[in-house]
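2 protein chains.
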Amino acid sequence: MQALTRREKSLLRALLTRGGRKRAGLCRCEGLRAVREFLTERPELVEFTVGTERGLASLGEVAPISFRLTTEEEFSGFSATVNHQGILAVGRIPPFSETAPQGDFILALDGLADPGNFGTVARTFRAIGGHDVWYTDGSVDPWGDKAIRSGLGAQFSLRFRRFAALADLGKQAAEYGYRTLFVADPHEGEVCFDCGDLFRKTVLVIGGEANGASTPPPGSRKVVIPMPGDYESLNAAQAATVLLLEYVRRNRGGVKC
Amino acid sequence: MQALTRREKSLLRALLTRGGRKRAGLCRCEGLRAVREFLTERPELVEFTVGTERGLASLGEVAPISFRLTTEEEFSGFSATVNHQGILAVGRIPPFSETAPQGDFILALDGLADPGNFGTVARTFRAIGGHDVWYTDGSVDPWGDKAIRSGLGAQFSLRFRRFAALADLGKQAAEYGYRTLFVADPHEGEVCFDCGDLFRKTVLVIGGEANGASTPPPGSRKVVIPMPGDYESLNAAQAATVLLLEYVRRNRGGVKC
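Protein sequences, first through last, are from chains A and B. Going by this note's numbering, the first sequence opens with residue 1, and the numbers climb by one from there. Going by this note's numbering, the second sequence opens with residue 1001, and the numbers climb by one from there.
Quick caveat, the hints were computed from the structure, so don't treat them as lab data. Built from N, CA and C at the ideal position, the CB exists for glycine as well. Keep in mind that the hints are not guaranteed to be accurate.
Here are the simulated DMTMM-like cross-link-like pairs (lysine to aspartate or glutamate), alpha carbons at most 25 Å apart as the crow flies [as the list claims (entries may be wrong)]:
no. : chain 1 : residue 1 : chain 2 : residue 2
1   : A       : Lys146    : B       : Asp1114
2   : B       : Lys1146   : A       : Asp114
3   : B       : Lys1146   : A       : Glu72
4   : A       : Lys146    : A       : Glu72
5   : B       : Lys1222   : B       : Asp1137
6   : A       : Lys146    : B       : Asp1137
7   : A       : Lys171    : A       : Asp137
Here are a few chain A residues that face chain B, going by a calculated C-beta distance under 10 Å [what the hints assert, rightly or not]:
no. : residue
8   : Ser66
9   : Arg68
10  : Leu69
11  : His187
12  : Gly189
13  : Val191
14  : Cys192
15  : Ser233
16  : Asn235
17  : Ala237
18  : Ala239
19  : Glu246
If we strip away everything but chain A, and leave its shape as in the complex, we get (with noise of 0.2 Å):
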């Protein structure tokens, strides 16, 4: 097994930052869930991988490609976290998605700036069977690494498109024959519980944490979460799941209503 040379270990930390990831055109993938999501879902794009032994031996029946052998301490050094779990890998940020979306609607998000929140996002629509999630200028970059560790690698099984406003996002999704935007509200619009036409081949935008979605382009319908306390709203990622389990709900049992 080879050890990591001099050149992965600056890379290691160039990742880290959006500059160096985008010079690079590579991301960095650390923690057991993302790292095993990243060799099954898209090993092609793997360039190498970094263990300790126990990292290594937790990857059980998931092979790893090209390893590179590391000591807890080294390991130590280069991590993002505090309890590291020994394994991290390397690979090249897919391309955006040139396919045509797929499913009952997208994923938008506008201004979503917090990867953990990001990341809670996409690893919550890949549960549900999601597909593609479209995002504005001002959101946090997908490939960092932690919107990667809190997605547990669920983006390398999803499909970004990225627009510089959402009245671009939405003029893309009409030629798909996604035609109504539902932007999530805090305080009005129709009843997410209700509203029959939420996942009619729509997009659903959740805004971002500090000032929600930008103003929405016209012919788009507010949808809000019932709150029967007189509080805060939810946090854009609470919001985020409420909706699409709301899809889950209609749809469980292969019956969609």
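Following the hints, position chain B against chain A.
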């Protein structure tokens, strides 16, 4: 306006640890929305408020209690966040609840170890109008700095009880007439969207991030969130959100079903 005393400064540091909070019987509550919640809901517990001029101004109509003015630089020195909002309050930790639980169900957190998740769940429960959060040893301290920040201070409107184990919790709940424990399970159980008994004087148990809930006492029932994808389950905070909003879905418009 007074400045911070040396004793208060060292207290701010001490309250970042569980031991320090226990010794002092106090907690620290940082960030605008959390401080507002603390000052509004439990002013009788607040010992003092610390802020910069910017932080003080952001409080708006909410009056601070025993205000200590500090500089931005000094505040950065004891803030637990990188981009602080210049406002923080210190106050007594409320005692465990001794009144009978209220509402259709008790929320039980069994070994929920991540303060961010604990706070998020508290915030969502508060948002749907919940009252009683019971938890077992092994769960994170609700009064830790991160848990309060993630909860936006929802803790100050909730009532907590702590138990050595889930069995003790269940026994106590039964004495108040909350006879059935529904334990959220990632793999199997009654489907949350269909289970008619879910909120009929019950205890809703959310397990920890790593190992789920501990072995439930006899007579408990499992409840599952159906997941179409062959994938990881939702994280603990997302699972709690789905179950709590299912309660809202059934009870919106005042119609209970």
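Structure-based check of each hint:
Between lysine 146/A and aspartate 1114/B the CA atoms are separated by roughly 16 Å; this keeps the pair inside 25 Å, and the hint holds. Of the pairs offered as hints, the one joining lysine 1146/B and aspartate 114/A holds, with about 16 Å between alpha carbons and a cut-off of 25 Å not exceeded. For the proposed pair lysine 1146/B and glutamate 72/A, the alpha carbon gap of about 28 Å is over 25 Å, so the pair is violated. Of the supplied pair hints, the one linking lysine 146/A and glutamate 72/A holds, its CA atoms being roughly 21 Å apart against a limit of 25 Å.
About 21 Å separates the Cα atoms of lysine 1222/B and aspartate 1137/B, which keeps this hinted pair within 25 Å; it holds. As the CA atoms of lysine 146/A and aspartate 1137/B are separated by approximately 29 Å, the hinted pair breaks the 25 Å bound. Under the criterion of a C-alpha separation no larger than 25 Å, the hint pairing lysine 171/A with aspartate 137/A is consistent with the structure, at around 16 Å. Interface hint status for serine 66/A: violated, as the beta-carbon distance to the closest one in chain B is roughly 26 Å, over 10 Å.
The criterion of a C-beta within 10 Å of any C-beta in chain B is not met by arginine 68/A, whose closest approach is roughly 26 Å, and the hint is violated. Here the hint on leucine 69/A is broken, as its CB sits about 27 Å from the closest CB of chain B, past 10 Å. The interface hint given for histidine 187/A is violated, since its Cβ lies 13 Å from the closest Cβ of chain B, which is over the 10 Å cut-off. Using the Cβ-Cβ criterion of 10 Å, the hint placing glycine 189/A at the interface with chain B is not satisfied: the shortest such distance is roughly 14 Å.
Checking valine 191/A against chain B: minimum C-beta separation of about 7 Å stays under 10 Å; hint holds. Restraint check, cysteine 192/A versus chain B: the minimum CB separation of about 9 Å is within 10 Å; hint holds. Of the supplied interface hints, the one on serine 233/A holds, with its beta-carbon coming within about 7 Å of a beta-carbon of chain B, less than 10 Å. For asparagine 235/A, the interface hint holds, the least distance from its beta-carbon to any beta-carbon of chain B being 7 Å, beneath 10 Å.
Hint status for alanine 237/A relative to chain B: holds, with the closest Cβ pair at about 7 Å, below 10 Å. Given hint, alanine 239/A at the interface with chain B, holds; its Cβ is 9 Å from that chain's nearest Cβ, closer than 10 Å. Nearest Cβ of chain B to the Cβ of glutamate 246/A: about 8 Å, under the 10 Å cut. The hint holds.
Violated hints for the displayed structure, listed by number in ascending order: 3, 6, 8, 9, 10, 11 and 12.
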